[in-house]
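A.B. asks: Taken in order, these protein sequences are the chains called R and W. First residue of the first sequence: 1, per this note's numbering; consecutive thereafter. First residue of the second sequence: 1001, per this note's numbering; consecutive thereafter.
The hints are simulated quantities; they were obtained by calculation from the structure and are not laboratory data. Careful, some of the hints might be misleading.
Label-pair ranges, simulated between beta-carbon atoms [what the hints assert, rightly or not]:
hint: 1; chain 1: R; residue 1: Gly38; chain 2: W; residue 2: Thr1184; range: 36 to 42 angstroms
hint: 2; chain 1: R; residue 1: Thr104; chain 2: W; residue 2: Asp1143; range: 57 to 63 angstroms
hint: 3; chain 1: W; residue 1: Pro1106; chain 2: R; residue 2: Arg172; range: 37 to 43 angstroms
hint: 4; chain 1: R; residue 1: Arg175; chain 2: W; residue 2: Asp1143; range: 53 to 59 angstroms
hint: 5; chain 1: W; residue 1: Asp1143; chain 2: R; residue 2: Leu56; range: 51 to 57 angstroms
Quantities reported herein were computed from a predicted structural model and do not represent experimental measurements. Heads up, the beta-carbon is just placed ideally off N, CA and C, and yes, glycines get one too.
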Amino acid sequence: MSVRLGLLATLGGGAMHAYELRQEFERRTSGAWPLNMGQVVTSLASLAKAGLVEELEAQTPRGATRWTITPAGRERVAQWWAAPVPRDVPDRDEAAIKVALAVTDPAVDAESVIQVQRAAVIVAMQELTRLSSTGQDDGGGDLAWEITLNRLIFAGEAEVRWLDHTEMWLRRTGRLTTPVDGDSKPSQGSVNAIGHRARQAKRTDRNAPSPETASPVLPSEPEHQESAR
Amino acid sequence: MTAAGNAEPEPVLCATDLTHVYPGPVPVTALKGVGLEVRLGDLVAVMGPSGSGKSTLLHMLGGLDTPTSGSVVIGGIDIVSLPARARARIRRRSIGYVFQDFNLVPSLNAAENVALPLQLDGLKWRKASRAAVDALESMGVGDLSDRRPARLSAGQRQRVAIARALVGPRRLLLADEPTGALDTATAQDVMTVLRQRVDGGAAAVMVTHDARMAAWADRVVFLRDGVIIDVAASANAAVALGEVP
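The following block holds chain R by itself, in its conformation from the complex:
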């Protein structure tokens, strides 16, 4: 999604100066998608060129222009609300590729590779859940932030379920094998560095294996979540 459609939808609430538009957009999205004035001004110019917004005659003493949405603009916003956000399927999913390579390399313990990833996702979900519950304790009000956190938590759950399924499926079909080279495997250990750091800060469950250097494909926060609003 371009920032233009978000601004256009916001302008549907009434005529505004560019800086008011920025403020209103950020208020409604709880600052989840901060904008600079340059982006707003450029977007308004582009929307005007497309006939989706227009300038109003009334100006402030300092000459700031007020903008309003046109009927064509309202139509475009209506189309946006009605259409789904396209599902982005990444060309290369590193986690999937890593698991596929691990399963087909007899020197690698694929189960450990999967576990490293699973633990990293759970750790991320723990923090996201903590952030979410902290926001609720504070009385909430940060709607977009809460929606975005939930989006990330559910994405984490989906990844864990995919990892669980993949591991079980690989086990059932006999594709998981014990590594032949004990030195090169992530090992039964498979304890990710993040979990280990946290464990050291808290306490160790005593038969958990020692840490290894295996590193997960870390979940990242998308810059902008179009469907989060």
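Chain R is fixed; fit chain W onto it per the hints.
C.D. replies: Just chain W now, with coordinates in the frame of chain R:
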């Protein structure tokens, strides 16, 4: 989310080197050398595929079954070495259980259900009833104390079950898929109050297959084939958002 304070509280539960073998023509080793320590303020989740030993571990921790070897120390006492009657007494006084299907007595109202373990332990009805209402209030369902389970929603029933598990002196809750029968939003509500209850002075070990519920825990223990293969615990928020150097 852990209990406040600088000094680490004493363990509520300390399991050491737990091994359990189910006998039979082909003996099955369900647990192999598992160790787990749980303190006040700890919410620990146990995850693993079917047959990984999750439920067996929970049974051993709660004294519902006796391990082939190893110890389970609760309140400074190794319950494994105790005779059955003494173990049952510790279980009644120290440990609460929560199951997916609530296990409330249908003919009793919420307060009577929660007061039941205290009465079984010899407490007079008046005191047991007062403690039950306190426990229900701590779970946000104090106003439902006179309702029978049939007149409660699934989420309310599970709150009552958690209140019963932690009523009176009990501080250790063992839960087997506590949100398994709940819809997403209700499960979230139940986890919110469980988390608050643990933070307020309890400890819990929860078996779950649901990563979103496990994410409420301070630590997530992963079991495979009866062995703890990993433990995940969050360090800070930056990690969650992928800002690892």
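A.B. asks: Each of the hints needs a verdict: does it hold here or not?
C.D. replies: Each hint tested on the structure:
{"no.": "1", "hint": "R:Gly38 / W:Thr1184: 36 to 42 angstroms", "in the structure": "holds, 41 angstroms"}
{"no.": "2", "hint": "R:Thr104 / W:Asp1143: 57 to 63 angstroms", "in the structure": "holds, 59 angstroms"}
{"no.": "3", "hint": "W:Pro1106 / R:Arg172: 37 to 43 angstroms", "in the structure": "holds, 40 angstroms"}
{"no.": "4", "hint": "R:Arg175 / W:Asp1143: 53 to 59 angstroms", "in the structure": "holds, 55 angstroms"}
{"no.": "5", "hint": "W:Asp1143 / R:Leu56: 51 to 57 angstroms", "in the structure": "holds, 54 angstroms"}
This entry satisfies every hint, going by the numbered hints stated previously.
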